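Read off the chains here:
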Amino acid sequence: MSEKDSTNRVQVLSGNEACAMGALAADMRFYAGYPITPSSEIAEVLSLELPKTGGVFIQMEDEIASMGAIIGASLAGSKSMTATSGPGFSLMQENIGYASMAEVPCVIVNVMRGGPSTGLPTMPAQADVMQARWGTHGDHPIIAIAPYSVGETFDLTIRAFNLAEKFRTPVILLMDEILGHVNEKVVFPRSEEIQVVKRNRPGVAPQNYLPYANTESGVPPMVSFGEGYRYHVTGLAHDETGFPTNKAQDIERLLLRLNNKLERNRDQIIDYATDQFEDAEIGILSYGSSARSARHAVFLARQKGIKAGLFRLKTIWPFAGQEIADHTARLKAWVVPEMNLGQIAHEVEWAVGRSVPVHRINRVDGNPINPLEILAKIEEIC
Amino acid sequence: MSFRYEVRLSGEGGQGLVLAGKILAEAAAIFDNLNATQSQSYGPEARGGASRSEVIISDEDIDYPKAVHIDLLLALTQESCDRYHSDLKEGGILIADQSTVSQLPVGKFRSYLLPIIETARDKVGKALVANIVALGIIAGVSKIVSEEAMINAIEARVPKGTEELNRKAFQTGLEIAKKIG
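So the sequence lines, in the order shown, correspond to chains H and Z. Start counting the first sequence at 781; every next residue gets the next number (my numbering). Start counting the second sequence at -1; every next residue gets the next number (my numbering).
Where hints are given, some of them may not hold.
[Claimed, not checked] Stretch by stretch, here's where chain H covers chain Z in the computed footprint (C-beta under 8 Å, at least three residues):
| # | region |
| --- | --- |
| 1 | 18 to 26 |
| 2 | 29 to 37 |
| 3 | 58 to 66 |
[To be verified] Taking lysine-lysine pairs in the BS3-like style, the calculated list, with each CA pair at most 25 Å apart, reads:
| # | chain 1 | residue 1 | chain 2 | residue 2 |
| --- | --- | --- | --- | --- |
| 4 | H | Lys1157 | H | Lys1094 |
| 5 | Z | Lys106 | Z | Lys87 |
| 6 | H | Lys1157 | Z | Lys121 |
| 7 | H | Lys1084 | Z | Lys87 |
| 8 | H | Lys1027 | H | Lys978 |
| 9 | H | Lys1084 | H | Lys1157 |
| 10 | Z | Lys158 | Z | Lys20 |
| 11 | Z | Lys121 | Z | Lys166 |
| 12 | H | Lys832 | Z | Lys166 |
What the hints contain is simulated information worked out from the structure, not anything from laboratory work. In this text the structure is predicted, and so the values were computed from the model without any measurement. Glycine included, C-beta positions come from ideal geometry on N, C-alpha and C.
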């Protein structure tokens, strides 16, 4: 590696900039969006960089149209994405459901700010976690992942595209204002270290192609429009050909395949990290920027001789309930800091039952959770 | 021995505090090979309104990117001085601008009332570079980053054609630091 390469690989960047760069590294070539604080830098960087790659950047009239555009681009063969924050994420829900039902890979970035409604445009929150799971109606599969550092934002943005392509599903990248705007040192991977998943294409002639085939993996191969494979795409319940159906058997098969395709592949999707957890008695479970506060609190607790450890979710949905339960055996308690009123704490309670208490630390005033707040809770429990 | 050094640059929107924080972080992270984060808190306004930029410098991975116990506080308005001095740790450093701060708070920290904006305007030639004068003072007083790293980071970040002006602003800040050091 030349000296120049090594210098360029070390940069001070914001999470939003790293997200845009990760998308480019994942071969994303179509962006449609409507700028909104605190996500706007993603659009800003891509508006400059995408045209240089031959890609397309469109500033749309709103977020409903943005989702429509990236679904269309993906069906035509481009990896596509949009980025927004809470109010825009609300508008996108209808078409996220469409992408989920029609199995169109795409990436939706939500840099979370305080809500509800227009809420706190310039301040952080993590209160869209449940919206990411259930914002659109009906039983539907969804993947949501949450980075916690600028470097990890680059990596997980690439992963978001890989998961979308592999499982033919919309993937939501949940960031927050702190992560979007913090500038920090990043050492980028070499290009040969980056793995990019390509769409699984059918091995059959156009006349034999079933776009919604009930395959063993649950994920049918996908072709791009314009390549001679003609098929029908709809949000209505459909059979294996993609045409609408009212037959109970076909409907049930579709719904079960859709919802099982992520569950049966959950080991490939669920990702988490632990820190000082081996001998931990107090488990701190967190994600995104709050996990940074949590990690610092673990450091402070260890200085005081308290055996605290961090369990950090990198995949939010599907939920790592089994993995959390498996990490509960030697704990006295879980502590769940998050910038909302307990959206993930509730899932943790559900996962561990009554085996240990689950303590919540919630903050909804636009400020990050201070590590000292978490430390105080840890000391109170001990 | 690992360290974590926390800097808060505070004042109002338009004073270039976010840029100053980013330069300080880049000097540490890219040119001095340390770790650094820079974050900010701001309102919806483009000018005016309280503005605050925080830089954490460490030789280890930085988790919490916000200040917990501040080592060095820069205050370019009375409001920011009043609001944030209590976050200074014992033995920390407060640097305030003498044209905007009239009442210097008292506490278990060292405080300096210095002509930052005035120096930028009268000695360097442009009030706009007060943020870079302040960086010179911070570098000189804290010694947390090398002068060379700061100059490299400033030149890489400021608009083309203004390098000389900004270098002069930084050097002038360093000289102020030497006088009080």
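In rising order, the numbers of the hints this structure does not comply with: Hints 6, 8, 12 are the ones this structure does not satisfy, whereas the remaining hints hold.
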